[in-house]
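Trainee: Single-letter residue listing:
Protein chains: 2
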Amino acid sequence: MSYTAPLKDMLFNMEHLARIDEVAKIPGFEDAGLETAQAVLEECARFNEGVVAPLNVPGDLAPSSLKDHVVTTTAGFKEAFKQYAEGGWQGLQHPADFGGQGLPKTIGAACGEILNSANLSFALCPLLTDGAIEALLTAGSDELKATYLEKMISGEWTGTMNLTEPQAGSDLALVRTKAEPQPDGTYKVFGTKIFITYGEHDMADNIVHLVLARVAGAPEGVKGISLFVVPKFLLKADGGLGERNDVYCVSIEHKMGIKASPTAVLQFGDHGGAVGYLVGEENRGLEYMFIMMNSARYAVGVQGIAVAERAYQHALAYAKERVQSRPVDGSVKGPATIIHHPDVRRMLMTMRALTEGSRAMASTAAAAYDAAHHHPDAEVRAQNQAFYEFMVPLVKGYSTEMSLEVTDLGVQVHGGMGFIEETGAAQYYRDAKILTIYEGTTAIQANDLVGRKTSRDGGAGAKAIAAQIEKTEQELLAAGNEDAKVMGERLGASRKAFLDAVDFIAAQAKADPNAAYSGSVPYLMLAGNLVAGWQLGRALLAAQGLQGKGADEAFLKGKIVTARFYADHILTRIPGQRDAIVHGAHSVTALAPEEF
Amino acid sequence: MSYTAPLKDMLFNMEHLARIDEVAKIPGFEDAGLETAQAVLEECARFNEGVVAPLNVPGDLAPSSLKDHVVTTTAGFKEAFKQYAEGGWQGLQHPADFGGQGLPKTIGAACGEILNSANLSFALCPLLTDGAIEALLTAGSDELKATYLEKMISGEWTGTMNLTEPQAGSDLALVRTKAEPQPDGTYKVFGTKIFITYGEHDMADNIVHLVLARVAGAPEGVKGISLFVVPKFLLKADGGLGERNDVYCVSIEHKMGIKASPTAVLQFGDHGGAVGYLVGEENRGLEYMFIMMNSARYAVGVQGIAVAERAYQHALAYAKERVQSRPVDGSVKGPATIIHHPDVRRMLMTMRALTEGSRAMASTAAAAYDAAHHHPDAEVRAQNQAFYEFMVPLVKGYSTEMSLEVTDLGVQVHGGMGFIEETGAAQYYRDAKILTIYEGTTAIQANDLVGRKTSRDGGAGAKAIAAQIEKTEQELLAAGNEDAKVMGERLGASRKAFLDAVDFIAAQAKADPNAAYSGSVPYLMLAGNLVAGWQLGRALLAAQGLQGKGADEAFLKGKIVTARFYADHILTRIPGQRDAIVHGAHSVTALAPEEF
Numbered sequence: 001m002s003y004t005a006p007l008k009d010m011l012f013n014m015e016h017l018a019r020i021d022e023v024a025k026i027p028g029f030e031d032a033g034l035e036t037a038q039a040v041l042e043e044c045a046r047f048n049e050g051v052v053a054p055l056n057v058p059g060d061l062a063p064s065s066l067k068d069h070v071v072t073t074t075a076g077f078k079e080a081f082k083q084y085a086e087g088g089w090q091g092l093q094h095p096a097d098f099g100g101q102g103l104p105k106t107i108g109a110a111c112g113e114i115l116n117s118a119n120l121s122f123a124l125c126p127l128l129t130d131g132a133i134e135a136l137l138t139a140g141s142d143e144l145k146a147t148y149l150e151k152m153i154s155g156e157w158t159g160t161m162n163l164t165e166p167q168a169g170s171d172l173a174l175v176r177t178k179a180e181p182q183p184d185g186t187y188k189v190f191g192t193k194i195f196i197t198y199g200e201h202d203m204a205d206n207i208v209h210l211v212l213a214r215v216a217g218a219p220e221g222v223k224g225i226s227l228f229v230v231p232k233f234l235l236k237a238d239g240g241l242g243e244r245n246d247v248y249c250v251s252i253e254h255k256m257g258i259k260a261s262p263t264a265v266l267q268f269g270d271h272g273g274a275v276g277y278l279v280g281e282e283n284r285g286l287e288y289m290f291i292m293m294n295s296a297r298y299a300v301g302v303q304g305i306a307v308a309e310r311a312y313q314h315a316l317a318y319a320k321e322r323v324q325s326r327p328v329d330g331s332v333k334g335p336a337t338i339i340h341h342p343d344v345r346r347m348l349m350t351m352r353a354l355t356e357g358s359r360a361m362a363s364t365a366a367a368a369y370d371a372a373h374h375h376p377d378a379e380v381r382a383q384n385q386a387f388y389e390f391m392v393p394l395v396k397g398y399s400t401e402m403s404l405e406v407t408d409l410g411v412q413v414h415g416g417m418g419f420i421e422e423t424g425a426a427q428y429y430r431d432a433k434i435l436t437i438y439e440g441t442t443a444i445q446a447n448d449l450v451g452r453k454t455s456r457d458g459g460a461g462a463k464a465i466a467a468q469i470e471k472t473e474q475e476l477l478a479a480g481n482e483d484a485k486v487m488g489e490r491l492g493a494s495r496k497a498f499l500d501a502v503d504f505i506a507a508q509a510k511a512d513p514n515a516a517y518s519g520s521v522p523y524l525m526l527a528g529n530l531v532a533g534w535q536l537g538r539a540l541l542a543a544q545g546l547q548g549k550g551a552d553e554a555f556l557k558g559k560i561v562t563a564r565f566y567a568d569h570i571l572t573r574i575p576g577q578r579d580a581i582v583h584g585a586h587s588v589t590a591l592a593p594e595e596f
Numbered sequence: 001m002s003y004t005a006p007l008k009d010m011l012f013n014m015e016h017l018a019r020i021d022e023v024a025k026i027p028g029f030e031d032a033g034l035e036t037a038q039a040v041l042e043e044c045a046r047f048n049e050g051v052v053a054p055l056n057v058p059g060d061l062a063p064s065s066l067k068d069h070v071v072t073t074t075a076g077f078k079e080a081f082k083q084y085a086e087g088g089w090q091g092l093q094h095p096a097d098f099g100g101q102g103l104p105k106t107i108g109a110a111c112g113e114i115l116n117s118a119n120l121s122f123a124l125c126p127l128l129t130d131g132a133i134e135a136l137l138t139a140g141s142d143e144l145k146a147t148y149l150e151k152m153i154s155g156e157w158t159g160t161m162n163l164t165e166p167q168a169g170s171d172l173a174l175v176r177t178k179a180e181p182q183p184d185g186t187y188k189v190f191g192t193k194i195f196i197t198y199g200e201h202d203m204a205d206n207i208v209h210l211v212l213a214r215v216a217g218a219p220e221g222v223k224g225i226s227l228f229v230v231p232k233f234l235l236k237a238d239g240g241l242g243e244r245n246d247v248y249c250v251s252i253e254h255k256m257g258i259k260a261s262p263t264a265v266l267q268f269g270d271h272g273g274a275v276g277y278l279v280g281e282e283n284r285g286l287e288y289m290f291i292m293m294n295s296a297r298y299a300v301g302v303q304g305i306a307v308a309e310r311a312y313q314h315a316l317a318y319a320k321e322r323v324q325s326r327p328v329d330g331s332v333k334g335p336a337t338i339i340h341h342p343d344v345r346r347m348l349m350t351m352r353a354l355t356e357g358s359r360a361m362a363s364t365a366a367a368a369y370d371a372a373h374h375h376p377d378a379e380v381r382a383q384n385q386a387f388y389e390f391m392v393p394l395v396k397g398y399s400t401e402m403s404l405e406v407t408d409l410g411v412q413v414h415g416g417m418g419f420i421e422e423t424g425a426a427q428y429y430r431d432a433k434i435l436t437i438y439e440g441t442t443a444i445q446a447n448d449l450v451g452r453k454t455s456r457d458g459g460a461g462a463k464a465i466a467a468q469i470e471k472t473e474q475e476l477l478a479a480g481n482e483d484a485k486v487m488g489e490r491l492g493a494s495r496k497a498f499l500d501a502v503d504f505i506a507a508q509a510k511a512d513p514n515a516a517y518s519g520s521v522p523y524l525m526l527a528g529n530l531v532a533g534w535q536l537g538r539a540l541l542a543a544q545g546l547q548g549k550g551a552d553e554a555f556l557k558g559k560i561v562t563a564r565f566y567a568d569h570i571l572t573r574i575p576g577q578r579d580a581i582v583h584g585a586h587s588v589t590a591l592a593p594e595e596f
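Sequence order for the protein chains is C and W. Here full-length UniProt numbering is used: position 444 in the first sequence is 444, and no number is missing along the way. Here full-length UniProt numbering is used: position 370 in the second sequence is 370, and no number is missing along the way.
Don't read these hints as lab results, they were simulated from the structure. Worth double-checking, as some hints may not be accurate.
Copies of the same chain look alike in the list, so a pair counts if it fits in one copy or across any two.
Unchecked claim - Listed next, the in silico EDC-like pairs over lysine to aspartate or glutamate satisfying Cα-Cα at most 20 Å (straight line):
#1 485 to 475
#2 145 to 282
#3 333 to 512
#4 25 to 35
#5 8 to 594
#6 333 to 594
#7 145 to 281
Start from the sequences, fold in the hints, and give me the full structure.
Mentor: Structure, rendered in structure tokens:
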């Protein structure tokens with residue numbers, strides 16, 4: 001099943017929602033306007049549609065395999081990654097100082113979606129490498145930067161994140177891997193790390209592991225964790241590859257999905273100790289790791305959008321081809337393609353609305369990131385930083401949860417054929433399920449949203465977003481047409497429900513934390529639904545404004561109908577979520593653990 | 001992971017919701033009271049927990065395989081099925097005249113749940129056989145009954161349903177398999193059938209295929225379809241197995257789940273014609289097949305409940321064992337088992353509430369079936385038949401859709417471990433997805449609900465159910481306690497939303513069929529949610545009535561909290577569904593097929 005990147009939608013979002021013209025006013029991004037975006041996206045689409053997407057099914061059928069500590073990836077992956085590197089794609093968002101292209105996230109995130117739609121498993125290798133690059137850029141010494149960054153940004157070497165241990169999944173306080181200081185300033189690292197994505201593979205010459213470990217004598221808990229670079233191959237004085245370091249892959253997991261992506265168990269230090277280099281200062285590892293995680297969380301949210309888009313395209317193609325039964329409205333006499341049946345349209349519209357809504361949200365968040373990091377005005381940076389930080393758990397949590405709904409509907413549109421592996425729809429269903437788990441489960445995103453992003457400032461940041469939404473409502477209500485009016489009204493009801501939830505959570509977070517956190521995931525889903533709907537409300541206004549002016553009318557109609565569908569069918573879920581959060585907290589914990 | 005049948009919950013439902021004491025007043029069911037139910041269920045649990053459940057994972061790892069037209073099932077399946085047959089389980093609900101036990105569906109459905117929780121793939125063989133038995137009982141000639149029923153009811157032979165063809169999935173009007181009358185009164189059958197569950201296997205001596213085909217010269221469409229018995233082995237005059245019939249398995253599907261269950265492509269008549277025996281009259285095949293389908297639809301709904309229960313037990317065990325992070329309420333200093341975290345409890349309670357609600361609905365529906373078929377009073381039969389017919393799409397559609405949510409949460413509770421196949425949670429997620437598809441997709445159930453069950457009588461049947469629900473609300477509101485009051489209020493709001501939807505659908509079904517059918521699946525989900533909640537409302541009242549009277553207080557508390565949770569978190573979804581149905585119909589079909 002081929003894939004076609006949704007360039008029109010991406011460029012529409014960049015132009016009208018993310019306001020790439022504003023991004024291009026930021027020093028350093030002067031060349032990163034809409035034209036650049038279009039050129040980059042077209043090239044990105046060409047490469048991924050042609051080279052990466054065709055490897056998606058082969059990767060599922062012939063996953064990575066392990067023999068004698070060596071992981072062999074699916075045939076074709078190595079060559080495709082070489083092309084990916086040569087095309088400069090790994091360096092897209094990274095600084096020109098180290099060989100990158102220095103493009104804004106506003107463009108980079110869209111490229112990330114295309115890559116992930118093409119092949120979720122393949123895309124994980126660059127995704128993790130991006131995170132490792134960001135951590136080194138922020139916290140690495142000049143020497144570490146000089147040693148590693150150029151090779152990583154060029155795609156010659158890849159990066160990994162080593163957090164999880166068997167007893168320490170989400171709870172990094174339990175990390176036991178240890179690092180012993182050596183007289184030469186290096187450390188020797190000992191321990192076992194699990195769930196290491198692309199922890200071992202044959203696609204690059206070296207792998208730069210970023211590893212959380214405890215230095216002997218460090219405080220207990222998360223305040224005693226440090227971050228180390230542990231390369232697979234040590235480097236010679238001339239920077240060339242030297243000795244094999246003492247880190248080995250001892251097994252890879254047998255997973256439900258993303259099978260081509262090797263998930264490694266890494267053993268550090270079984271042969272004398274793996275040589276590690278401290279990143280930044282001792283005991284600040286978690287802080288640095290959060291840099292990687294924040295980058296990765298956003299990127300995993302984009303994975304949700306990506307797999308949803310792919311599932312939608314797959315289902316749509318089937319719905320336009322499969323002939324079954326007569327339409328209820330009599331529009332066709334005799335059997336018709338199933339897209340004529342209202343419920344098939346409902347499923348396709350749901351898939352499309354959730355995907356486009358999440359994409360619009362992610363695009364706006366990306367622009368905020370760019371302003372937060374690069375805008376010359378400190379006040380603008382701070383505002384955008386606050387907005388972006390509120391968005392990260394929504395992009396990660398909502399976009400991935402919605403991808404489960406979308407990939408389920410994708411199978412459902414196919415009927416019995418959807419359950420047969422050869423059809424391909426089932427792979428998206430299996431692949432997507434990891435997205436709500438890794439880089440922090442939905443509950444962990446929701447805890448972040450409830451704790452750091454909502455209750456810590458008494459709901460002020462959340463309410464500032466609500467105020468922005470209210471402005472869009474007013475524009476919609478003033479537009480004088482039914483679609484805009486309905487969207488405005490539904491957004492209004494949804495925003496009020498959001499404020500009820502914010503008030504409840506802000507009030508209860510300390511008074512009755514169980515009550516606040518019992519509604520954490522429903523609150524995340526409510527907020528994500530609202531913000532995605534808000535962006536589609538803005539999109540609706542923009543599309544209506546463009547009608548009759550020579551733009552692509554079919555695209556504009558699709559956007560307006562999709563936004564209206566979102567208002568009718570997705571925003572309507574919000575008041576019930578509010579009721580569950582505000583009135584349903586007690587019944588969540590009314591049974592004590594021992595009463596189950 | 002072991003499985004323990006939820007006997008307390010099943011017996012509670014039978015006693016207080018299904019009113020098995022009333023069932024036992026029906027002639028023929030005098031011995032089928034609560035004591036019998038308990039004895040049967042305990043024996044059923046013992047057998048399935050011990051023999052069938054341990055084969056669930058092996059069936060996933062080593063599915064059925066095909067070689068030279070012969071399907072070999074997973075090691076152990078054949079022996080387990082022999083024990084199943086010897087235990088009399090295949091005959092549980094079938095008439096004593098043919099060697100069955102003649103128990104009511106009220107008991108049989110619970111046994112079905114236990115079998116399916118133990119092993120969804122294994123259970124499909126008896127499930128399909130049950131359907132074939134019912135079709136023969138209703139429409140078969142005395143000769144066909146005498147020839148086949150005893151062996152099928154004893155479990156020596158199994159049965160299949162042959163509907164689907166490559167071009168005819170849900171649309172049976174497109175069936176092309178043909179049947180040519182022979183001078184001896186038999187027919188020769190030619191054609192290809194796909195998706196035939198247990199269409200070939202090694203667990204029984206003979207397989208009795210029930211096959212839809214067209215007799216030469218029959219009318220076009222569904223009115224020209226006849227039903228035939230096509231046994232794998234023809235019978236000798238003495239009833240013993242004779243020649244191999246001309247029906248062969250040419251391939252089995254590679255599926256996402258229920259892998260142990262062979263899904264066959266059957267080729268009829270490639271070597272001169274498969275001998276078939278007409279069931280009932282020519283051209284009435286679809287009518288007879290609906291008998292099988294109605295039986296099977298209810299049974300597939302029970303499969304949803306079954307896999308949800310199994311996923312719940314699996315997740316609960318993990319949540320009680322896995323230690324991660326400190327509880328937000330400070331109840332434990334340091335890392336605690338994850339069941340202490342509010343969101344894990346929310347997930348477990350959601351799983352439990354959806355499962356118990358669906359089980360309560362199915363149990364009540366089963367009792368209605370028994371009264372509809374066996375009650376001496378024609379008026380009582382008619383009332384119960386109407387109720388049961390309304391319930392079938394809900395039991396099938398709602399229970400299976402909820403099983404997707406539950407099995408997803410089951411993986412989610414496990415975090416990263418859930419995505420690793422060895423953990424076992426992923427299998428439920430993969431297995432469950434077929435349930436919303438086979439025996440009629442959710443959309444087909446919803447069309448049945450909208451068309452035959454709601455709009456045909458102008459909503460009268462639906463409103464009669466709403467009136468019954470209103471009585472329960474009044475009892476709840478009169479109970480004088482918070483849990484009952486909240487449940488009563490939420491049920492009231494939900495019932496009103498249901499009535500809005502019924503009015504809309506009844507009004508639009510002819511005026512604007514696209515509008516009515518655009519909301520068909522949301523309407524099914526709304527109605528299922530309401531009816532399951534209603535049954536939990538009744539359960540809440542019953543449980544409160546039993547408190548302090550020497551019953552199992554822990555069970556009663558669990559039931560009350562679960563019902564309250566359902567009111568707070570599941571019934572609250574209903575008003576939004578109403579809004580989508582009543583106000584959102586237009587946007588579903590606003591984009592024409594060619595505009596996608």
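Trainee: How would you classify residue 333 and residue 594 at a CA-CA limit of 20 Å: within, between, both, or neither?
Mentor: between (61 Å within a copy, 17 Å between copies)
Trainee: Is it within, between, both, or neither for residue 25 and residue 35, if the alpha carbons may be no more than 20 Å apart?
Mentor: Within one copy only: 14 Å inside, 79 Å across.
Trainee: As a check of your reading, is residue 485 near residue 475 (CA-CA no more than 20 Å) within one copy, between copies, both or neither?
Mentor: Intra 9 Å, inter 41 Å, cutoff 20 Å: intra-copy only.
Trainee: Check residue 145 against residue 282 for me: Cα-Cα at most 20 Å, and say if that holds within a copy, between copies, both or neither.
Mentor: within (18 Å within a copy, 81 Å between copies)
Trainee: Given a CA cutoff of 20 Å, do residue 8 and residue 594 count as a within-copy pair, a between-copy pair, both, or neither?
Mentor: between (54 Å within a copy, 18 Å between copies)
Trainee: Pop the pair residue 333 and residue 512 into one bin, within, between, both or neither, using alpha-carbon distances up to 20 Å.
Mentor: Result: close only across copies, 17 Å inter versus 61 Å intra.
Trainee: Between residue 145 and residue 281, at a C-alpha cutoff of 20 Å, which is it: within one copy, between copies, both, or neither?
Mentor: within (15 Å within a copy, 82 Å between copies)
In this structure, none of the earlier numbered hints is contradicted; all agree with it.
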